[in-house]
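**Student:** My request is simple: use the sequences and hints to build the entire structure.
The residues making up each chain are set out below.
Protein chains: 2
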Amino acid sequence: MRALVTGGAGFIGSHLCDRLTGQGAEIWCIDNLYLGRRRNVEHLKTSNGFHFVELDVLDAKKLDALFTDAKFDTVFHLAANSDIAAGVADPVLDLRLNQLTTLSVLEAMRKHGVQRLFFAGTSAVFGETSAVLHEDFGPLQPISFYGASKLAAEAYVSTYANLFGLSAVVLRFPNVVGERATHGVIYDFLRKLEKNPAVLDVLGDGNQTKPYLYVADLIDAILVAWEKSSGALSVYHAAGIGNTSVREIAEIVVAAAGRPDTAIRFGAGDRGWPGDVPNFRYDISRLQALGWQPRRHSTEAVGLAVKRIRANGF
Amino acid sequence: MRALVTGGAGFIGSHLCDRLTGQGAEIWCIDNLYLGRRRNVEHLKTSNGFHFVELDVLDAKKLDALFTDAKFDTVFHLAANSDIAAGVADPVLDLRLNQLTTLSVLEAMRKHGVQRLFFAGTSAVFGETSAVLHEDFGPLQPISFYGASKLAAEAYVSTYANLFGLSAVVLRFPNVVGERATHGVIYDFLRKLEKNPAVLDVLGDGNQTKPYLYVADLIDAILVAWEKSSGALSVYHAAGIGNTSVREIAEIVVAAAGRPDTAIRFGAGDRGWPGDVPNFRYDISRLQALGWQPRRHSTEAVGLAVKRIRANGF
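Order-wise, the sequence lines are chains Z and R.
If you read the first sequence in the working numbering, its first letter stands for residue 1, the second for the next number, and so on.
If you read the second sequence in the working numbering, its first letter stands for residue 1001, the second for the next number, and so on.
Hints were generated in silico from the structure; no laboratory data involved.
Please note: incorrect hints may appear among the correct ones.
[As the list claims (entries may be wrong)] Using C-beta positions, here's what the derived DEER-type ranges look like:
(1) Z:Arg96 <-> R:Gly1231: 49 to 57 Å
(2) R:Arg1096 <-> Z:Ser167: 25 to 33 Å
(3) Z:Arg96 <-> R:Leu1290: 36 to 44 Å
(4) Z:Asp90 <-> R:Asp1270: 16 to 24 Å
(5) Z:Ser285 <-> R:Pro1260: 51 to 59 Å
(6) Z:Arg38 <-> R:Lys1111: 15 to 23 Å
(7) R:Leu1058 <-> Z:Asp261: 37 to 45 Å
Think of the CB as a built atom: it goes at the ideal place given N, C-alpha and C, for glycine as much as any other residue.
**Tutor:** Written out as structure tokens, the structure is:
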């Protein structure tokens, strides 16, 4: 495999680079270092077949030159603004970083005849619903620019796959946790606790409940989906077993930090910020049928992530 | 009502301006005249309450000034590249004209506190499926840039409605026919026949079968959907009764042109161009429940449109 990993120095991208490099693949990891960090892939520098290039996917000219040089057979497109709350403040940020990056990658693939694409989707495309979400669920009515831009990107992936013979895999990520995360609830709580160990302020009433997946399990899911799929467009959902509430996460973080005396102070309202979907549930049977299984309960994933993030630094 | 109609000099937009002006509304019709034509609204010039402004929706500064001056309470956003075949040649054309125009309108509405939006959606958001399409159908996997950009626009309408308190109505148009059309199968056949009355070349094998709706019936549907809806986001489908094949349309056009000796020559393949969805069926019960009924069979709509387009000039 000669693969491009966009956003490869980011949270999930760097774990994917670890795995693919470990399997002996030739990997070009590109990142504009907006959310990604050099230190996430520093340890891969000396690995055979690993290449890091600081490059913005929106720079079509440089991307084109890299496609010419590297002769990819596969693209894992993970570059994105994954910070939903940040996106709400600016409608164009997510449009650029989530949708137009995807269009840039698709155009380069079309031009250079690269046929296999993995795209990082999200549960946020669905918006707010109490349904158990299988991959064909409708309607899709996002409530954040993150969700809207990722749905828009999916629509373009679908179109390129159909018009230009791409074989695309979309895996809609759940809440993913683990070391190297750049933001998110665990990261947020740990930083707050460091600043003020006496009180932990929680955004919203703490009842937001979602399925969390440990990043190593997500990488398994990415590779199973990628290896077992063919055809124009395959869409999958992955999640940990069960769900975890924000209240539980606060308690896990406080316990792990050795601060049982910390007062957990809940906010008002059912969500952390405008655009946050407070609850969702995934049907993951399609990916399970291909042999993937989540190895951890959602709450176990959170516990492991807290431990690793604390050990790794945040 | 003080309403902005974007794309108001276009095919459907100009019919909407006719109707709204006739009802005594104050209407600002804007159009960049990319597909729209001055002559489509020339007859409204002297009507009370009708204003035409040549303006590109993507010109945010001019749009902002117009919002300041006119103090709209409603926006009917119909500006778009409605020519699917043209869009396939250029991935950015539909992105700009369908999605970014919508974002421009949404931003102006948010900034100026305008709360009611009508958005012109399309069956093309679904891609290719044999299902009878109700409004909540999934998955949505478009196969044209037209469909992708309209789905992207819908995603942003959904997000603005939820984040900023808009009340939005999305009506997903079927194939709409009638006088002032700027392109489409009838228009195409009539022009071909004028050039060469001996042979009518049909794109595809003629078996493409879709529900056609006469434009006056669509305007009824727009107004019923708009009047009877409240809440953040309401989505509807409208279509004529039954379906019509391209073969039937060719026969109707040839008969109407008084050219029964014309040889109709069919092409190869099941569709007219890449990105064309050859068949679709709509469930229209949601809009029927609000009191709207299609008044004509699809094939009757085609016959009436042929007659009116010939009378009106093409």
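**Student:** All hints, please: hold or fail.
**Tutor:** Verification of the supplied hints:
{"no.": "1", "hint": "Z:Arg96 <-> R:Gly1231: 49 to 57 Å", "result": "30 Å, violated"}
{"no.": "2", "hint": "R:Arg1096 <-> Z:Ser167: 25 to 33 Å", "result": "28 Å, holds"}
{"no.": "3", "hint": "Z:Arg96 <-> R:Leu1290: 36 to 44 Å", "result": "38 Å, holds"}
{"no.": "4", "hint": "Z:Asp90 <-> R:Asp1270: 16 to 24 Å", "result": "44 Å, violated"}
{"no.": "5", "hint": "Z:Ser285 <-> R:Pro1260: 51 to 59 Å", "result": "58 Å, holds"}
{"no.": "6", "hint": "Z:Arg38 <-> R:Lys1111: 15 to 23 Å", "result": "39 Å, violated"}
{"no.": "7", "hint": "R:Leu1058 <-> Z:Asp261: 37 to 45 Å", "result": "57 Å, violated"}
The structure fails to meet hints 1, 4, 6, 7 from the earlier list, while all remaining hints are met.
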